[in-house]
Amino acid sequence: MTIFLRPLLSFRLPFILFGILMSTPSTAAENKITDASNTPPSSPMHFGAGPSGSLLLVEENHTLPVISVVLAARSGSASDPEKFEGLSNLAAEIARRGAAGMNRTALDNKLDDLGANLDAIVDADSARFVGRVLARNFDAFMDLLADVVLRPSFEVTEVERSRREMKSIIAESRNDDRSLCERNFSLRLFGRHPYGQAPDGSEASIDRISLPQIKQHFHRQFSGKNVIFGAAGDITIDTFSKAVNARFGELPEGKDLTLRSPTALAPQGWRIQVVDKPDRQQVQIMFGHLAIPATHPDYIALLIGMTSFGGHAMNATLMAEVRTKRGWAYGAYMNAIPHPILSVLRGWVFTGVENAVDTLKLVLRLYGKLANKPLTDGTISFFQKFLSGSYGADLDTPGARLARRIAGEIQGLPRDFIDTFADRVHATTTDAVRSALAKHLHPKDLAITLVATASVLVPKLKAAGIKESAIDVTPYTIH
Amino acid sequence: MTTQNNTTPLAAQVDQAVLGDLQFSKWRLPNGLEIIFAPDPQAKALAYTTWFRVGSRNENEPAGETGLAHLFEHLMFTQTAGAKEEGDFDRKMEAAGGASNAMTDVDFTAYINVVPPTELELAVKLESDRMHNLALSPEQIENERQVVIEERLSTVEDSVEGRLDELVAAAAYKNHPYRWPVIGYMDHIKKVPQEAVQRFYRKHYAPNNAVVIVSGKFDQQAAMDTIVAHYGDLKPTHIEVPEAVLEQAPIASHRTSIEWPVPADKFAMALGAPSLGHVDRPAFDVLDAIISMGPGARLNRALVVQGEMASSADCQIGPTRENGLYVFWVQMRQGHSAAQGEEAIRKVIAELATTAVPTDELNRAKNKLEMDFWVGLSGSEGRAEQLGMFEIGSGSYKTLFSRAEQYAMVTADDVMRVANTYLVQRPAVIAVATPAKQP
Chain S
0 MTIFLRPLLS
10 FRLPFILFGI
20 LMSTPSTAAE
30 NKITDASNTP
40 PSSPMHFGAG
50 PSGSLLLVEE
60 NHTLPVISVV
70 LAARSGSASD
80 PEKFEGLSNL
90 AAEIARRGAA
100 GMNRTALDNK
110 LDDLGANLDA
120 IVDADSARFV
130 GRVLARNFDA
140 FMDLLADVVL
150 RPSFEVTEVE
160 RSRREMKSII
170 AESRNDDRSL
180 CERNFSLRLF
190 GRHPYGQAPD
200 GSEASIDRIS
210 LPQIKQHFHR
220 QFSGKNVIFG
230 AAGDITIDTF
240 SKAVNARFGE
250 LPEGKDLTLR
260 SPTALAPQGW
270 RIQVVDKPDR
280 QQVQIMFGHL
290 AIPATHPDYI
300 ALLIGMTSFG
310 GHAMNATLMA
320 EVRTKRGWAY
330 GAYMNAIPHP
340 ILSVLRGWVF
350 TGVENAVDTL
360 KLVLRLYGKL
370 ANKPLTDGTI
380 SFFQKFLSGS
390 YGADLDTPGA
400 RLARRIAGEI
410 QGLPRDFIDT
420 FADRVHATTT
430 DAVRSALAKH
440 LHPKDLAITL
450 VATASVLVPK
460 LKAAGIKESA
470 IDVTPYTIH
Chain P
0 MTTQNNTTPL
10 AAQVDQAVLG
20 DLQFSKWRLP
30 NGLEIIFAPD
40 PQAKALAYTT
50 WFRVGSRNEN
60 EPAGETGLAH
70 LFEHLMFTQT
80 AGAKEEGDFD
90 RKMEAAGGAS
100 NAMTDVDFTA
110 YINVVPPTEL
120 ELAVKLESDR
130 MHNLALSPEQ
140 IENERQVVIE
150 ERLSTVEDSV
160 EGRLDELVAA
170 AAYKNHPYRW
180 PVIGYMDHIK
190 KVPQEAVQRF
200 YRKHYAPNNA
210 VVIVSGKFDQ
220 QAAMDTIVAH
230 YGDLKPTHIE
240 VPEAVLEQAP
250 IASHRTSIEW
260 PVPADKFAMA
270 LGAPSLGHVD
280 RPAFDVLDAI
290 ISMGPGARLN
300 RALVVQGEMA
310 SSADCQIGPT
320 RENGLYVFWV
330 QMRQGHSAAQ
340 GEEAIRKVIA
350 ELATTAVPTD
360 ELNRAKNKLE
370 MDFWVGLSGS
380 EGRAEQLGMF
390 EIGSGSYKTL
400 FSRAEQYAMV
410 TADDVMRVAN
420 TYLVQRPAVI
430 AVATPAKQP
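Protein chains in written order, with numbering that gives the first Met the number 0: chain S, 0 to 478; chain P, 0 to 438.
Think of the hints as simulated: they come from the structure by calculation, not from any bench.
Capping the alpha-carbon separation at 27 angstroms, the derived lysine-lysine pairs in BS3-like fashion look like this:
#1 P/K234 <-> P/K91
#2 S/K324 <-> P/K91
#3 S/K443 <-> S/K324
#4 S/K459 <-> P/K436
#5 S/K368 <-> S/K384
#6 P/K124 <-> S/K384
#7 P/K91 <-> S/K384
#8 S/K224 <-> S/K254
#9 P/K190 <-> S/K324
Construct the complete structure from the given sequences, taking the supplied hints into account.
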């Protein structure tokens, strides 16, 4: 059994999820990839063709009798129509809650009978069914997955129940200040662009979604050319291929729906959004702007530079200056969040209200310095080693490797990207890193979102010389 | 296995275990340091972890020293006597592509390094050095004190879960040291004297109070030689093992509430639970799986799916050495009160205490636990953490492996018995966060 830790069990560093580290495109896809020379040998990765134009990926590893399975659509919440945000998420959730004549309870029981789990997960660029099953029950699990994807019930009672449940989950998500900050920051950064909305939508948009819309959207999303079937663990490509082809032959062909447009408008100048929540003793700070996608030739160089600034390392500038030197925050980070057409460079710091204004000024000044004052060769070399060395830990389980490969497929990266990542990092010159930072950072054009108690924070901002006209206050219950 | 260096004492093998293709072994050096090896040639990384048998339970609460174990977790990354400057540990580790973290709980403090497989020696050198050689300058203590204050603001003062958890523990125990928060009370964190920090280090950080767990891709013989070379000469110290406190929490029923910016009532309801190594724990885990594991579990069905009164409902049980708490966490929906949630929970419990669980549901719970068991062992870091928690919490990492067999033997009667023993007609502590009134 997995031990559940107390919520108050304390860690030296907070848990954060970084954007996926991607490499630049180069080599053609191969059917079987061997490991890069500087990484230890592992079981091979296999690619293959699935039914109706779909793609198969298998990460083979027979150490444990468990198989992870992912069925990923190449389009997520960014494909939701305006005013119907949350459509992809709601559709996938409802499909998971009844299929092939089984209601929600019956389907849950069937999965539990197998010692399996199956979750619907939707982000901006992908809608995925993600599951794990004991290897001995793999075939029965695939039967259920096919039921969910090909024969969802979309029964009216369950649709309405799920709609109510989604709205209550959105309300609950505001309990968490970081999540609240993320929702508001995305909206601030992207405005009405599809990436602006949270994947689960809003209470109002959930109410507008109709049943015919759900059905149409789901079947369009989960069509052959738009999906990737992935498996990792105690399985071979032959077994997986047979299992998929036997069950998903009737998948409509459809088309690749990866979001390629529209181009988002970058922020011009900066304003500060204060999301007003009562009784806060800390201030959540997020700031950032749009940047190049992971497929851009400068991306690895930019990533090295960003790791030196805000990576998950105590020697990164933000952690060293904000936490180690001043003790102002428990965590201070900045990372790249990649999408197929762009990435977001987003900083995140959380600090006591007394230090909030000084912290904000400090991190913005440091970010400006990163863009304008070239990093030394020594600093770049240090973080090249850190970035390439720590990548192995991110790939330590077959499931983690599979997830990275699927994300790479959706973003249009070459199929050897995780295998050659370390080599690419090492091959990047220090000049290329400096050039990428100078070219792609925009420290004067930022979206800035703070979650705080406005009556406490706004006077401090004004006292620090920030004009009231540059501050927007938003109630925390709005988004 | 023997060590190759004749100048260092030989490590003695304590035991071994096999799980499929994976082999595990435990060793002990003459100075008391214990080592557990979990090699996996398929792994991409190496987890080098050190578990000290010291947690918040070892703190002196009456003296105002709560949070010391956790503060120490931070201080261990500052500077050792031989290091040129502060941050040496992180600089060397990160330059090698390694990443470090640490965690503190009631019974243990663990230091986790995940490094490329080629960097075992670096991890051994850095960990053995700080086990006995920490500088602990006043400036470094003060700086980390500020960081911990910020951490507490984030995880307690601005967190509804953190606040409720603290209220529950304080009311559930009377004498047991599990009653105060692992991170410590804010006024204690701010005031704990530097001498207390020094004293804590000398008292608890020694080879005979630690277990090193190495998991992932490494050569076992080379690892043993390196460990013996770097730890073999460290001196053991006198370790005072605190006596077990025989207190089955909650000691009395208690209710408390706070106002908070929540959409509707959110509450934590604590009942009793057996320790990780307790003979009842396998049956209790099965009971827990029936109640709360997965969307099809009874709690989710009663409160979220069918009852439609909550947006989330879950349970939590810790890896404690002594009996602890089983806590229900529920976020009610607007228009529904915590009292309704509590009533629904009590109904779920009452059914389990009076009616035998159907065989198919019992088997489902066991299947879920089996899956959970394997998932917990995937990855070098996760595997080291599971082994460490069982080694500290139950007395042996091998308890983890016997759990599969023990789960298989659990009967419907066992489930009913533990439901009655720990959950029915027992005191409950309930802490509720109610929506703050609009000004």
